[in-house]
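K.L.:
Each chain is listed here by its residues.
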Amino acid sequence: MRSEIIRIYKIVHTWTGILAGMALFIAFYAGAITAFKEPLARWASPPAATSMVPLEDAQSLITRTLTAHPEAARELRVNLRPSEQVTARVEWEIHDEDADEHDRLSARHYVATVDEEGAVRVDEAHPSRLAELIDVLHRVVGLPVDGDLSRSIMGVIATLYALALVSGVIVLLPSLVKDFFALRVGNNLKRMWLDAHNVVGVVSLPFHLVMAVTAAVFAFHDGIYFVQDKMIHDGKRSAAFQARSAPSGGEPRDPAAMLPPTELVARVEALSPTFEPTMLQYVQVTGPRAAVRVWGHDARSLSPRAQGGFAMVDPYSGRVVSTDYLPGRQDAPQTLLSSFFALHFGTYGGHPAKWVYFLLGLLGAWLFYSGNLLWIETRRRKASRRGQGEIPAQRRDTSLMASATVGVCLGSICGISLTIVAAKWLHGHVADLSAWHRYLYYAMFFGAIGWAFVRGGARAAVNLLWLAAALTVAIPLTTLLAWLFPSLGMWAHTSAAPLGVDATALAGALGFACLARATSRRVYEGPTDSVWSVRRPLPAVAGAEAAPDVERATG
Amino acid sequence: MSTTKGPDTIRRDWISKSLAGALLGFSLALGCSGLFARLASGMVMALKVQLTMWMVMPIWLAVLSGCFLFRSGKRAWLWLGVANLVVFGAFAATRLF
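In order, the protein sequence lines correspond to chains A and B.
The working numbering puts the first residue of the first sequence at 84, with every later residue one more than the last.
The working numbering puts the first residue of the second sequence at 1382, with every later residue one more than the last.
Same shape as in the complex, but just chain A (with noise of 0.2 Å):
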């Protein structure tokens, strides 16, 4: 009975792996670097026309900029801290009517800022939306738009990623303490490699499951929301929710009589010293239930969402509104739900736990692409022990999931490089860049899976791992050449967190090109009774071993 079990959890854990781990590797890589959303958008963020209207001279500009542009008031932001990224004192946007709710790709950007004359002016601008995109990227596992059926595709494969996880632990539970505690480096590659999935599984379960979770939620709140409010909530759900936000007609207010951004801000930071504000969210200050939101972060305690916590003050009067989602001042049940976000973003910890979610990430990627060649490993006919015979032909499904796996997995990897570098090549050359990130991403990709059938997937691997060290080595060599030529009309910011990416994709362009050594050495001169080898199989008896390699010069 209890080996049948494993032998049940054993096919569990091979078919989920098999759907789900490509589409995880994607989510997982563009995840790890989702870590660092806020430094990679200020990488491609080009530098400010304008400088910063002072906060002393905010107020007014939000005033006259509300007389002029009324459809503002639903939504405006006010910033506190001037970075590459956030370059206007006052900025909105305007979000298409037929656009998905949570698709923040499609909004029109307006800034506000102060001309000479003083007058107030403004200007459609249009945010460089890289890190976005490849943070909906990794929301919908590397599918095209962030709409409702990508939403529920992710589910699903969240949810055969939370039966792999399970599986997985019960296959590897009998002889865990045995396998945990060893990482078999030897002959038995095969063994190696089971071993170093085993201890990567195991060491970032909880990691893991916490990914499983959050993402199958994030993925089928809606429908949940739903279901629970006929069914629990007697209707009451969305009751509970609107009370806060919705408009309930009165007389316009004029925004003249708000207190100014300095005292509302003065207003939060006396409820918690630690926290420190960074950007004023204005919620239809010009009807009845006029909110301002005072986002920031707290070093000293979770984030509530991805970016940051907030209190809500009223502007008219001052009064803190509610602290239900200000990071330190939360009661239980509040840090209890804000928890469950905090560890999806790894938003608790400040830098470090970033960072920790960034290898894990990248290790987590690892572990579905592990996954991949394990289950071909398994299926390779292997040549006999004598070294005499024919060297056996490899299964048709081991060579296409060589292929698939090669070309889907790499093939992301390279286009969100190639993506990245667009943002500083292509900025003030093209109309649209962010459709451009797109244009290329896809290109790239799919591009890649072309290449790994066509060529197969043991040359593929090699050329895909050095065209991803290449093109990753593009993120600071651009940034090399903006600095050194400036009239290229590229930008090289110099503060610690723009610099901070570069730096990273060298260390992962160093990485790549180590791999794609190692694999380049593994195909061409390898044993050749694998998917992983392009030494054509000799007739028999001249000998497997003696093969010259002629591959490598032709192809």
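Since the hints were derived computationally from the structure, they do not count as laboratory data.
Any given hint might turn out to be false.
Computed footprint of chain A on chain B; a stretch qualifies when at least three of its residues, placed anywhere within it, have a C-beta under 8 Å from a C-beta of chain A [stated by the list, open to error]:
id, stretch
1, 1390-1400
2, 1422-1428
3, 1433-1442
4, 1446-1453
5, 1457-1470
Glycine included, every Cβ here is placed at the ideal spot set by N, Cα and C.
Fit chain B to the supplied structure of chain A, relying on the hints for placement.
P.N.:
Relative to chain A, chain B alone:
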């Protein structure tokens, strides 16, 4: 599939077990979340609604990944059906008080 039918055999029944885990697991998770919502009546509505939503996925995923442990698909439907009846019975009972 094993041909010996002793007490130690376990049938695979992929389709019926998966369906039991997915369908009855989901209704069971909904029922548990409903029971929680009734019992946590003192909690602020906005919070209760969110916690109730968050409960569903972990329970569902746990049932779905555990459902292959049942001896057979029939037993999976039977036991999960009984669990559903108990939870929904308790959920209905809370309405009476």
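K.L.:
None of the hints should be skipped; say for each whether it holds.
P.N.:
Structure-based check of each hint:
1. Given a C-beta distance limit of less than 8 Å, the hint that chain A covers the stretch 1390-1400 of chain B holds, as 3 residues qualify and 3 suffice.
2. Judged by the Cβ-Cβ criterion of 8 Å, the stretch 1422-1428 of chain B is covered by chain A as claimed, because 5 of its residues qualify and three suffice.
3. Given as covered by chain A, the stretch 1433-1442 of chain B passes the check, having 7 residues with a CB less than 8 Å from a CB of that chain where 3 are the minimum.
4. With 4 residues having a Cβ less than 8 Å from any Cβ of chain A, the stretch 1446-1453 of chain B passes the three-residue criterion, so the hint holds.
5. Residues of the stretch 1457-1470 of chain B with a Cβ under 8 Å from some Cβ of chain A number 0, which does not satisfy the need for three, so the listed coverage is violated.
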